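K.L.:
Okay, here's what each chain looks like letter by letter:
There are 2 protein chains.
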Amino acid sequence: MKKSFGAKTLVFPTPVFIVGTYDKTGKANIATIAWGGICCSDPPCLAISLREATQTFHNIVEHKAFTVNIPSEKYIKQADYCGIESGKRVDKFSVTGLTAVHSELVDAPYIKEFPFIVECVLFQTIKLGLHTEFVGAIKDVKVDDEMVDNNGKINVEKIRPISWDPSTHGYFGIGMLLGMGFSVGKTLKT
Amino acid sequence: MKKSFGAKTLVFPTPVFIVGTYDKTGKANIATIAWGGICCSDPPCLAISLREATQTFHNIVEHKAFTVNIPSEKYIKQADYCGIESGKRVDKFSVTGLTAVHSELVDAPYIKEFPFIVECVLFQTIKLGLHTEFVGAIKDVKVDDEMVDNNGKINVEKIRPISWDPSTHGYFGIGMLLGMGFSVGKTLKT
Numbered sequence: 157m158k159k160s161f162g163a164k165t166l167v168f169p170t171p172v173f174i175v176g177t178y179d180k181t182g183k184a185n186i187a188t189i190a191w192g193g194i195c196c197s198d199p200p201c202l203a204i205s206l207r208e209a210t211q212t213f214h215n216i217v218e219h220k221a222f223t224v225n226i227p228s229e230k231y232i233k234q235a236d237y238c239g240i241e242s243g244k245r246v247d248k249f250s251v252t253g254l255t256a257v258h259s260e261l262v263d264a265p266y267i268k269e270f271p272f273i274v275e276c277v278l279f280q281t282i283k284l285g286l287h288t289e290f291v292g293a294i295k296d297v298k299v300d301d302e303m304v305d306n307n308g309k310i311n312v313e314k315i316r317p318i319s320w321d322p323s324t325h326g327y328f329g330i331g332m333l334l335g336m337g338f339s340v341g342k343t344l345k346t
Numbered sequence: 157m158k159k160s161f162g163a164k165t166l167v168f169p170t171p172v173f174i175v176g177t178y179d180k181t182g183k184a185n186i187a188t189i190a191w192g193g194i195c196c197s198d199p200p201c202l203a204i205s206l207r208e209a210t211q212t213f214h215n216i217v218e219h220k221a222f223t224v225n226i227p228s229e230k231y232i233k234q235a236d237y238c239g240i241e242s243g244k245r246v247d248k249f250s251v252t253g254l255t256a257v258h259s260e261l262v263d264a265p266y267i268k269e270f271p272f273i274v275e276c277v278l279f280q281t282i283k284l285g286l287h288t289e290f291v292g293a294i295k296d297v298k299v300d301d302e303m304v305d306n307n308g309k310i311n312v313e314k315i316r317p318i319s320w321d322p323s324t325h326g327y328f329g330i331g332m333l334l335g336m337g338f339s340v341g342k343t344l345k346t
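Residue numbers (our numbering), protein chains in the order written: chain D, 157 to 346; chain L, 157 to 346.
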C-alpha cells in the first residue's frame with residue numbers, strides 16, 4: 157500500500173549546489189540550494205531555482221551569470237551554513253574561509269576549495285511562482301585534477317558529492333557503484 | 157589545479173526518474189531520464205526535460221500530465237532498460253513485468269512496484285534546445301507504507317534511490333547520513 161503525502165516538493169536524490177554570484181558592488185556571494193539540475197543537452201544547460209527574497213536572485217538578474225559549486229562531504233558545514241545565512245547580512249566567503257576565484261568565462265565567482273565547478277551565463281528566466289528558474293548555458297566544467305582518473309574520466313567516488321533529503325533534511329553521501337548505464341538493462345531487451 | 161572539461165552536462169548527483177505517460181491510444185509508457193528536479197516550492201513543481209524524438213514528449217503534450225517514479229536499487233535493470241528502449245517500439249510495462257496503475261489524480265500511469273511516485277499535471281512547457289522542459293505541478297507524492305517511519309517521515313535509506321553519474325554512466329546507491337540540514341552549519345554562524 158502507498159501512503160499519500162500530498163502536493164509536496166519531494167524527490168530523491170536532490171542535489172546540494174552552492175551558487176556563486178556577484179552583487180551590484182562586485183561583492184562575491186555564495187548560497188546553497190537544492191532545487192536544480194541539468195535541463196538541456198544542446199545547448200548544455202543547468203537550471204537553478206531561487207526565491208526573489210534572496211540576494212542571489214538579484215545578483216543573477218544584475219550580472220546574468222552564476223557558478224554552481226559542488227562540495228565534497230568534508231565541506232558539509234560550509235555548505236549548510238551557506239543555506240542558513242543570507243548574503244544580505246554577512247560575507248559568506250569570509251565567514252566560511254572559502255576562497256572566491258573570479259571566473260574568466262562568466263561574470264561570477266567560483267569556490268577554489270570545491271572540487272567541481274560549473275560556470276554558466278544566464279540563458280532563460282522562467283517565473284514559476286515562489287521560485288524563479290534561472291536556466292544557465294554551461295560554459296565550462298572544472299574539476300580538481302586529483303578527482304580525474306588517468307583515463308580522463310571524472311571519479312565521482314573521489315568527489316564525494318552530497319545529496320539532500322527534502323523529507324527529513326538529512327545530508328547523504330554517495331554509496332556503492334551499482335552498475336553501468338546503457339548496460340545492466342540490456343538483459344531485458346527483446 | 158582544476159582541469160577544464162568544456163561545456164558539458166555534468167553535475168552530481170543527477171537523479172534517475174522513470175516518467176509514466178499515456179500515448180494517444182491510452183497505452184501506458186515509461187521512460188528513464190536524468191535531466192530533472194524540483195523547481196518551485198509554491199506551487200510545488202517538478203521539472204523534467206525530454207527530447208522531441210521521444211514517445212514521452214508527445215504523450216505529455218497530448219495528455220498534459222505525467223508521473224515521476226523513483227526506483228529502488230533492486231529495480232536498476234528495469235530502470236536502465238526504460239532508458240535504452242523506446243515506447244515507440246515496445247510495451248515497456250510488458251517487457252519489464254512492472255504494473256501500470258492509473259492515477260486517480262492525473263491523466264498518467266504510475267508504477268505499482270516502485271516505492272516513490274510523484275503525480276504531476278503539466279504547468280509550463282519551456283523549449284530550451286534539443287530538450288524541452290516540462291514543468292509539472294505536483295498533485296500528490298505517494299510512498300510505500302514500509303518506507304515510512306512511525307513518525308510519518310519518509311525513510312530514504314529504505315527507499316534506496318539511485319543516482320546517475322553523467323560522466324562515467326554509472327549508477328550509484330545512497331551512502332551514509334552525513335549530518336542534518338539547517339543544523340551542522342550553525343557552528344559557523346557569527
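FYI, nobody ran anything at the bench for these hints, they're computed from the structure.
This structure is a prediction, so every number in the text was calculated from the model and none was measured.
Be aware that one or more of the hints could be misleading.
Any copy will do: because identical chains look the same in the list, a pair fits if it lies in one copy or spans two.
Here are the simulated DSS-like pairs of lysine-lysine, each with C-alpha atoms no more than 30 Å apart in a straight line [claimed, not checked]:
hint, residue 1, residue 2
1, Lys309, Lys244
2, Lys314, Lys244
3, Lys283, Lys295
4, Lys283, Lys158
5, Lys244, Lys159
6, Lys159, Lys345
7, Lys180, Lys309
8, Lys283, Lys230
9, Lys283, Lys244
10, Lys230, Lys309
11, Lys183, Lys220
12, Lys309, Lys345
13, Lys183, Lys159
14, Lys233, Lys295
15, Lys342, Lys159
16, Lys309, Lys183
17, Lys295, Lys342
18, Lys314, Lys180
19, Lys314, Lys283
20, Lys180, Lys158
21, Lys230, Lys314
22, Lys345, Lys295
23, Lys342, Lys233
24, Lys268, Lys158
25, Lys158, Lys183
26, Lys183, Lys233
27, Lys309, Lys233
28, Lys314, Lys233
K.L.:
Should Lys309 paired with Lys345 be assigned to within, between, both, or neither, using CA atoms and 30 Å as the limit?
P.N.:
within (28 Å within a copy, 37 Å between copies)
K.L.:
Pop the pair Lys183 and Lys220 into one bin, within, between, both or neither, using alpha-carbon distances up to 30 Å.
P.N.:
within (15 Å within a copy, 43 Å between copies)
K.L.:
30 Å Cα cut-off: does Lys345 pair with Lys295 within a copy, between copies, both or neither?
P.N.:
neither (37 Å within a copy, 33 Å between copies)
K.L.:
Since the copies are identical, ignore which copy is meant and state whether Lys309 and Lys233 lie within 30 Å (CA to CA) inside a copy, between copies, both or neither.
P.N.:
both (28 Å within a copy, 24 Å between copies)
K.L.:
Treating 30 Å as the Cα threshold, decide for Lys309 and Lys244: within, between, both or neither.
P.N.:
neither (39 Å within a copy, 33 Å between copies)
K.L.:
With identical chains treated as interchangeable, where does the CA-CA distance between Lys268 and Lys158 reach 30 Å or less: within a copy, between copies, both, or neither?
P.N.:
Only across copies: Lys268 and Lys158 sit 9 Å apart there, 45 Å inside one copy, limit 30 Å.
K.L.:
Is it within, between, both, or neither for Lys342 and Lys233, if the alpha carbons may be no more than 30 Å apart?
P.N.:
Answer is between; shortest inter-copy Cα gap is 8 Å, intra-copy 41 Å.
K.L.:
Could you figure out if Lys180 and Lys309 sit no more than 30 Å apart (CA to CA) within one copy, between two copies, both or neither?
P.N.:
Neither. Shortest intra-copy (38 Å) and inter-copy (42 Å) distances fail the 30 Å Cα cut-off.
K.L.:
Please work out whether the CA atoms of Lys283 and Lys158 approach to 30 Å or closer within one copy, between two copies, in both situations, or in neither?
P.N.:
Intra 33 Å, inter 34 Å, cutoff 30 Å: neither.
K.L.:
Give the relationship of Lys183 and Lys233 under a CA distance limit of 30 Å: within one copy only, between copies only, both, or neither.
P.N.:
For Lys183 and Lys233, the Cα distance is within 30 Å only inside one copy (22 Å; across copies 48 Å).
K.L.:
Go through the copies and call it for Lys180 and Lys158: within, between, both or neither, with a Cα cutoff of 30 Å.
P.N.:
between (49 Å within a copy, 28 Å between copies)
K.L.:
With identical chains treated as interchangeable, where does the CA-CA distance between Lys283 and Lys244 reach 30 Å or less: within a copy, between copies, both, or neither?
P.N.:
within (22 Å within a copy, 34 Å between copies)
Checked against the numbered hints given earlier, the structure breaks hints 1, 2, 4, 5, 6, 7, 8, 15, 16, 17, 18, 19, 22 and satisfies all the rest.
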